[in-house]
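Asks: Sequence:
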Amino acid sequence: MVHGDNIIYVRIDWENHPSDKTPVNERNLNKMDLALHLLDERVVWLNENKFDKTESFKLVKDISLNEENGVFTITFYDNTKKQIDTILEKIAVNFDFDEERQQLIITLDDGTEKRVDLSALITQYEFLTSETISPEVESGKVKFEVREGSIQEKHLRPDYLADIRVEQGKAQLSAAKSEEFAKLSESYAHGGTGVREGEETDNAMEYARQAKESADRAEDIISQGDTSEIVTIEKSLSPGVDWISTGIQKEDLKTGSYVVTLYVNESEYGIVNETYVGIMHWYPHASYGKESNEILLHSSGSHSVPERRLFLRTRAASNYGLILEIASLKNPIIEKTLDLVFKFKKML
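In this text, residue positions in the sequence shown follow my numbering: the first is 1088, and each later residue adds one.
Errors might be hidden in some of the hints.
[Claimed, not checked] Below, simulated SDA-like cross-link-like pairs (lysine to any residue); rule was C-alpha separation at most 25 Å, straight line: (1) 1433 / 1414; (2) 1270 / 1194; (3) 1140 / 1167; (4) 1322 / 1428.
Rather than coming from a laboratory, the hints here were simulated on the basis of the structure.
Small disclaimer: the values here were computed from a predicted structure and weren't measured.
Use the sequences and the hints to build the structure in full.
Replies: Below you can see the structure in the form of structure tokens.
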């Protein structure tokens, strides 16, 4: 039995006579009459609004897809079918390019190929060589190189060119100065260049000759003189490029002219069994002058590194007296003092 809000008629459940529970009266008859009327209205509405069976045959009953070729099959209720081809097998799965023919190669899903001519879209460029740039094409790639020695002043920025010219001027000036200094050095070394007056007598070679002559004379005087008058003083010093005191000063020597010898034997310093000889005058008393005088020295011995050569001079200290000072061409490379032996032979 179906119940619900849409039920039109509810049964009376008639009972036979003599029961008076279900009388055939106005109420029960009208109830049946109303139910018949409502049923009639529903039948009429259904006849007017129902979906026609022939039309329902065009409704879709099933849809299937063939994954291999992309075809959809639609089945209707009247069992007729319709197919829709999506051309899925024609979808591109890969691209390539034929450089020779200038064609785009499209590979489809079913393995077939489609070629598209792109030659009309590609412009072929020709690269020319200039005086400055040299092009090179390889596998579709272009490389440009600046030709060696091709950059000129016109290719440079004005500020760079100005800097180069300034540096060029400086270089030319330095070259001229270097040549001038070289000539001057040669003049002071041995003369004969004509760059300054008096260079024939004012040069190192001439002074060396004079020093040798003085040393030779001093050695002769020492060898012929009385050795009892020789003053020997030993010192430990570290001579460098600056003049330092030997510690021999004032009344260590008497007034007079002396032959002085300096003996050095320090292999670590670069001087082996070397003797320096020169001539000086000594004044032990206070002086008002401050002048200094270098002693021309001649040297000989087993071995002497040139830059380790030693020099002696006397220097007058105001109100003090003479001081004997020593220097070298180069500062010592080791922290070591030299054992120096000074000998003085008075000549006059």
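Asks: Are the hints correct? Go through all of them and say.
Replies: Hints, one by one, checked against the model:
1. Simply put, residue 1433 and residue 1414 have alpha-carbon atoms about 24 Å apart, close enough for the 25 Å limit, and the pair holds.
2. Distance hint between residue 1270 and residue 1194 is unfulfilled; the C-alpha atoms sit about 85 Å from each other, more than 25 Å.
3. Simply put, residue 1140 and residue 1167 have alpha-carbon atoms about 15 Å apart, close enough for the 25 Å limit, and the pair holds.
4. Distance restraint check for residue 1322 and residue 1428: the Cα-Cα separation of roughly 7 Å lies within the 25 Å cut-off, and the hinted pair is therefore satisfied.
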